[in-house]
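Q: Residue numbers (the numbering used here), protein chains in the order written: chain A, 14 to 356; chain B, 4 to 382; chain C, 51 to 221.
Keep in mind the hints are simulated off the structure, nothing from the lab. Beta carbons are placed, not taken as given, at the ideal position from N, Cα and C, and that holds for glycine. Among the hints, erroneous ones may be present.
Chain B residues, not near chain A, derived (Cβ > 10 Å throughout) [claimed, not checked]:
#, residue
1, G139
2, D148
3, R214
4, R285
5, E355
Lysine-lysine pairs mimicking DSS-like chemistry, simulated, CA-CA at most 27 Å apart [stated by the list, open to error]:
#, chain 1, residue 1, chain 2, residue 2
6, B, K293, B, K65
7, C, K101, B, K309
8, B, K309, B, K65
9, B, K213, A, K332
10, C, K217, B, K309
11, B, K293, B, K309
12, C, K217, B, K228
13, B, K335, B, K309
14, B, K303, B, K335
15, A, K56, A, K84
16, C, K101, B, K65
17, A, K20, A, K56
18, B, K41, B, K185
19, B, K185, B, K199
20, C, K101, C, K217
21, B, K293, B, K185
22, B, K65, C, K217
23, B, K335, C, K101
24, B, K335, C, K217
25, B, K303, C, K101
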Amino acid sequence: MNALFSKVITVLDTEPYRLVVWVVAIVSFVALNAAYLVWVERKGAGRFQRRPGPTEVGPAGLLQPVADGLKLMSKQLLVPAGADSMLFRGAPLLVMAPVLMSLAVIPFGRGLAAVNLNVGLLMVFALGPINLMAIMFGAWSSRNKYAVMSAARVVSQNVAYEIPMLLVVTTIAMVSGTMDLNQIVEQQSGAFWHWNLFRVWVNPLMPVTFLIFYICMLAETNRAPFDMVEAESELVAGAYTEYAGMGFGVFFMAEYANIVLGCSLATVLFLGGWQSPFSFMPGVTWFLIKMYFLIFSVVWIRWTFPRTQFYGLLNLSWKILIPVSLFTLILSAAMIKMLRAPS
Amino acid sequence: MIVSEPISRSVAGSAPNETFVLNLGPQHPATHGVLRVKMTMDGEYVVRAEPVCGYIHRMQEKMGENRTYAQYLPNTSRIDYLSAMNYTHGLVGVVERAARIQVPPRAEYIRVITSELNRISSHLVWWGAFLLDLGGFTPLLYAFDDREMILDLLEGITGARLTYCYYRFGGLYNDVDETFLKGARRFVAHMRPRLKMYRALVTENVILRKRLIGIGPISAEMCRKYGATGPVIRGSGVSYDVRRAEPYSVYPELDFDIPAYPEGDSMARYLVRMDEMAQSLRIIEQALDKLPGGPVMAEKVPRVLKLPAGDYCYAVEAARGRFMVRVVSDNKEIAYRLKLRTPCLSNLSLFEEASQGMLLADALALLGSLDLVIPDIDR
Amino acid sequence: MRVVNEKDPNPKMKDNGAPATPAPGAPAPEPRPNPLAHLPLPFQAVDYNLKGYHLEAAVQPGQVAVAAGYLDSEGFSLDTITGVDWLAQGQMEVVYDYFHPTRGLRSVVRARIPRENPEIPTISQVFPGANWHERETHDFFGIRFLGHPDLSPFLLPEDATFHPLRKDFSA
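Could you build the full structure based on these sequences and the hints that come with them?
A: Written as structure tokens, this is what we have:
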């Protein structure tokens, strides 16, 4: 029995099978998270609003996402007359794909990354804007004024917040000297003061850098207080207006998957990835704890603050975040030049 | 619900004066009611916003010509259901004024207490719904929590939670009991720290301040030209309140301030309503202290009231502004003409001029700060 | 920054000073004050405690805009415009209510027009708020306001041709 088991493991460790196992694992991780983040969100919202949240379906409402999924799947998929049918149907798929691909390079534990790319960071940010393009495709092909207006806002919001995010990530890449996410996590080994968040001797503004990354992550995933696309937009549903049933469900799932991606990136880049804070027992557990802590804070922020004004959001990015992140980038470069011995 | 038309013309064109019509349809996720606004937009800017009313028009004034005054009394609660006590006070007041009925002082004090409780509950709904419009989902639930206390109190004496029909010609139909009086005092003690918490959580929140300060300015002159009253005119610096300008009931004997802010923007109207809630608590406390004993119903009020011929008016300060009932009587028990002057109609009429050239989201913040209840406009 | 109104702005206006029926043998009651006596309009003071307004004037239909202009310059605000259908007298009455935001005064302007051809000039060029009130009065009574920019139905459906508050209206 044991021999059979170890033979299966050896086979699965060879290349094509290993990738298949990883793909299945990532897709199920994303799907499970997307579904149960809905539960976390609704329970959290309920508790912040002094009410219980879902309690009927399953114990403590845990089967609520299953009920929601069944409801969405049983709805008729409408394609509006005159809509561009290929783009309309393809947009949800295009929204989901880059997230799944980006998650392939995130190291969940020691040696636990689907693909070990030495330019993992670059890949994540190369795939990011596809998500944005897909929302635009969906809105445009819906042949609906509200959708197009909302999509125009989303595009300008996302473009505005990509820039400080990339500047911040460049700072990290410079400080770590590598774009390989595994290496970045390895460099943060030791106790928690080795984490990038606290590496102030390299870049004194590192916590500010983390804050900028967090804000940009909220804006990139279209979460409150930056949720123009789904909530207000002329008081209709915005870019997803014409989507019904599972088409809308996939957009929704992609949003939660994006949150998972953003929070796991923040964990890897700033909070030490799978490193434990007290240099014992590092591993997947710590990664998951940190990631879920960040996700909880994202949910908390959503239910606490009102929405920003659209031009306020753009002002924040162009007038505040970009100058500050440029400054931290230059500061890091200067500090590295001064502090590292010439090699 | 959504009007589709070829959008390539309206979005792709960069020609000047290329506008399109956006229909904020009568069905809304926001809680304003069935209001339709036809907005002509130039990109994100509002060129013209034309409110189209009449979706909930029930011809209340015709009903007033087919019912006796007592039969019409429940209708008044349904005009502005959030501020029902004040509206009933309008009808009851005009009949008492015309028929020269003297209301006993205990009834007057209880009317003041219940009207002010109703004003607070109406402002709480406005506050929660306004913040919901702006994207803050949670304060609505907190406001409704406090409002439950008021609704429970008023249910104990009137039997209704929203559309009270408590006042009668000559007084009230039911006296209050100890539960109500103790509960009212407990509510006042509970609400004061809650208002402080709302200020810290919401009013001083930087995102909210950016959304409201300087947005939707309305000058005092515009208010006067359109007849806007209530927090709209008080938020433009004119402290006009019917309780002081045309005092009724026992308000002259109570000591309270009329909050007014001169800036005229949405933040000023917001602060006026928050301060009004604090002032209402003051009024309730004083009225509870001064509550006299005695009957709550005047003696010898005829069962079927006939008003002498002529026309009579009575105005009250409802939660949204000046509410006036004008009755033209020809000495019968049914009014010849019953006119309801509602505040929201005048308040909304300035929206078209005030929202020109604003960004869409700012126009919606302005609409929320006007505090509209559409059945009030349409009657 | 806060403007607080401590006192009643118009203590005199609360009580016009004249009792309803003078006691026998008492001197004749003083006439009620008429703050609009200087205007060339027939304003008369009225018992506020009975009627709910202080001043009223009955004017010719052609004069309503002039009256609105005078009241506007006095600082009044438009309260409401309504109609009354006097079927027995063959007339319709248009009633304009005004209130003053700082002096606490209420005044009423009335005009009577023939019922068969009810027309009256608009006052919406003086008070823009009259726009909607006049549309509503047109909806309910069929009174045409000459010079009104857009007299389309306000509360009734767009294609309505009936006027429900007329006394000879039956559904």
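Q: Are the Cα positions of K101 (chain C) and K309 (chain B) separated by 27 Å at most?
A: 16 Å, holds
Q: Check the hint pairing K293 (chain B) with K185 (chain B) against an upper bound of 27 Å on the C-alpha distance.
A: Holds, at about 14 Å.
Q: So if I understand the rule, the pair passes when the alpha-carbon distance is 27 Å or less; does K303 (chain B) with K335 (chain B) pass?
A: 19 Å, holds
Q: Checking one constraint from the list: CA of K293 (chain B) to CA of K65 (chain B), max 27 Å. Satisfied?
A: This hinted pair is violated, its Cα atoms lying about 40 Å apart.
Q: Since R214 (chain B) was said not to touch the interface, does its Cβ keep a gap of more than 10 Å from each Cβ of chain A?
A: Violated, because the least Cβ-Cβ distance between R214 (chain B) and chain A comes to about 5 Å, which does not exceed 10 Å.
Q: Tell me if the straight-line CA distance from K56 (chain A) to K84 (chain A) falls inside 27 Å.
A: 19 Å, holds
Q: Taking 27 Å as the top limit, are the C-alpha atoms of K101 (chain C) and K65 (chain B) close enough?
A: Since the Cα atoms of K101 (chain C) and K65 (chain B) sit roughly 22 Å apart, the hinted pair holds (cutoff 27 Å).
Q: Compare the distance between the alpha carbons of K335 (chain B) and K217 (chain C) with 27 Å, and conclude whether the hinted pair is satisfied.
A: Judged against 27 Å, a Cα distance of about 15 Å means the pair holds.
Q: K335 (chain B) and K309 (chain B) were given as a pair; does the straight-line alpha-carbon distance stay at or below 27 Å?
A: 5 Å, holds
Q: Check the non-interface label on D148 (chain B): least C-beta distance to chain A beyond 10 Å or not.
A: About 6 Å separates D148 (chain B) from the closest Cβ of chain A, which leaves it inside 10 Å; violated.
Q: Quick one, are K185 (chain B) and K199 (chain B) close enough, alpha carbons at most 27 Å?
A: With Cα atoms ~22 Å apart, K185 (chain B) and K199 (chain B) stay inside 27 Å; holds.
Q: Decide, holds or violated, for the assertion that all CB atoms of chain A are farther than 10 Å from the CB of E355 (chain B).
A: 18 Å, holds
Of the numbered hints given earlier, the model fails hints 1, 2, 3, 6, 11, 12, 17, 18; all others are met.
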